[in-house]
Each structure stands twice: as C-alpha cells, then as structure tokens.
Amino acid sequence: MDRVPLERKVLSENDRVAAGLRSRFLECHLLCLNLISSPGAGKTSLLERTLEALPGSERVAVLTGDIQTDNDAKRLARFGFPVKQITTGGTCHLDARMIERALEGWRLHELDLLLIENVGNLVCPSSYDLGEAAKIVVLSVAEGEDKPLKYPAIFFKSELLILNKTDLLPHVPFDIARARQNARSVHPGMEILEVSCTTGAGIDSWMRWLERRRRGAPAPAPAPAG
Amino acid sequence: MHELSIANSILDTVRAEAEKRPGARVVKVGVRIGELSGVNPDALSFGFEVLVRGTDLEPLALEIESMPRRQRCPVCEQQFAVKDSSLVCPKCGELETIWVGGDELELAYLELEQQESPASGRQREDKTSDGCLREAEG
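Quick mapping for you: the protein sequence lines, in order, are chains P and X. Take the first sequence: its position 123, counted from the start at 1, is 123 in the numbering used here, and no numbers get skipped. To convert, take the position in the second sequence, counting from 1, and add 1000; that gives the numbering used here.
It should be emphasised that the hints constitute simulated quantities derived from the structure, not laboratory data. Take the hints with a grain of salt, since some may be wrong.
Claimed, not checked - The calculated lysine-lysine pairs, modelled on PhoX-like cross-linking and capped at a C-alpha distance of 20 Å, are: (1) X/K1020 / P/K9; (2) X/K1091 / P/K150; (3) X/K1028 / P/K9; (4) P/K84 / P/K74.
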C-alpha cells in the first residue's frame, strides 16, 4: 500500500477561477462584495435601500443568486443599474464559475462596485470564494442571537455583520448585545452595523461604510502618469 | 447541503490522479476538514458514499481528519485548539489571541494498491452531481 501526499485544496478549481476574477476586479478598480445570509434576512431589501440611495451616475451593478425565479432581479432592476439574476436550479450557493459566466458581456472597467447577493443560506456560500474583496453577513433580529455560534464559518469569514430588521426589536426576544458579543467571540474585531431596511434607520451608516470601503479598496500599483 | 458538490470535487481529483497512475488502484482518500470550513463531515461522508456506490471507484474509503479552530497567544506563544468557542489563552489567560487555523478543506493524501491489470473490467458508471438539492438553513 502506497500513500501519496496530495496537499491541495478540495475546491482548488473554484479557487483558481475566483483568483482570476479577483485580479480582474483589481485591474478594473472594481470593489466586489459578497452578501450572505439565511433566507429572508433582508439581503434584497438592503440592496434596494442601497441602490435607492446611490445617485444614478454611480457605476454599480448587481448579481443576485437564487435557486429559482428572477423575482429579486425584477425588484432590483427598477433602480436603473445593471442587474443580472443567477438561477442556480437547485444549487444552494454561488460559485466562482457562475460569477464568471454571469459577467460575460459586462464591461468591468466601466464599473466601480459589484454587489453579489448570494443564495439564502448561512452554510454553503461560506466555502466558495467568488473573488470578492469582502464577504458581508446579514442577520435579522427575527432570527436567534446565537446564529454566530451555530454557523461560525460565515461569521468568521465576513468582514462586516449587518443586523437587520431592528424595527422589530420591541416585538421579538432578540438580545442584540448578546448577538454582537457572539459575533465578536467568533470573529474578534468584526465590524457590526444595525439597520432597518423597512424604516431606513441605520442605512446612512451602511452607506458610509460602503463609501469608506470603496475608497479603501485594495488597488493595484498606480499606473505610470500620462 | 453543498457536501455533495464537495464530495464530487474530491472524486474529480481522485479520478484525475488515478489516470496518472495506471496499474494502481486508489483505495482511500484522506481529507482535512476544519470546523470553520462550513463543511459538515457526516454529510460529506454520506455524499461521498452515494457518489462512489456503483462506480468503478468502489470500494473507496474516505478518511476525514477534523481540524479544530486553532489560535496562538501573542504573549506566551502558546498554540491551542479552541474549546467551547473561547479564544482566551488557556495558559496565561490573554484575551486577544490570533487565529492560526481551522478553515481547512484540503485533500491530504491518496492510498494506492498496485494491481495486476489496470483495467478492472467493471463497467464504468460516472455518477456526477453538482447538486445540493436543499438548503441547509431555513
């Protein structure tokens, strides 16, 4: 019996495609963000609020993933920015190849911000790199405040936690201080914002975060002048 | 339930490696799965079994090494596996420790058996599936 060491990533093919996307995004000075949450936490509502708040001159595009239907793309298209639905037909996450295919025909150098709404799922999307600059996890106060402990992978890998539906706090037993503590016990130093996509509360802080992240997005070495 | 896709990726590698080694048969594949990888080892074993069953790869064993989250203490340099979600250094009590591992989703090794004839004569049936047919949440 021979043992042959392999020592490679299981998802090396996905990682290879994601690395290609990441370098294209960097070349185009494009910030790509990957939004992840369980179904119904408010990713699409957050995107609606975001697109609504952005001037029409902004160079922003959205890819939205779902198992079935193009309902989300329809909801988001009314803001006038390019939106494309990725229907996975059963698969519970987006992978880098799906992003690569969805971007065919788009001129990336004409975009500054690409928002990807992943399939509603706190588990599977955490394993697949899409070439994004950052993952953002959305958790609604209608869920349990122990979600960060139950699903540590996604809270660990996300740069920002958005606690959504804060307008419901008086009506639900959600302990927001405990939720913040749980998130930071998995991911010390994690940034956390509280918003309500229904009332608009906190959306300004999210837009400021986005603006700051866009300015601070890793950029390639400056091109020679001229 | 993306473990079926993960199992399929593992089998793609096994097939590719097997083709490079005529005369040998892959009998076991070893993987490392970190607790921060987002992959459930039981679901992965199940998906792997289902995909291997009835194919020319059978019998093929999967050995999963589960990797805990590991932290390093910047004060006393102790490296430790995290228990009960506590990142506090068990040796000196430092609160702010540094993450060093636990998100592995890696192929570690293959075990091969030399064969008389590379062709087993068994009919090859490729079972591939990129599906995770239900959501893990919700």
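Verification of the supplied hints:
no., hint, result
1, X/K1020 / P/K9, "holds, 19 Å"
2, X/K1091 / P/K150, "violated, 26 Å"
3, X/K1028 / P/K9, "holds, 17 Å"
4, P/K84 / P/K74, "holds, 9 Å"
Checked against the numbered hints listed earlier, the structure breaks hint 2 alone; every other hint is satisfied.
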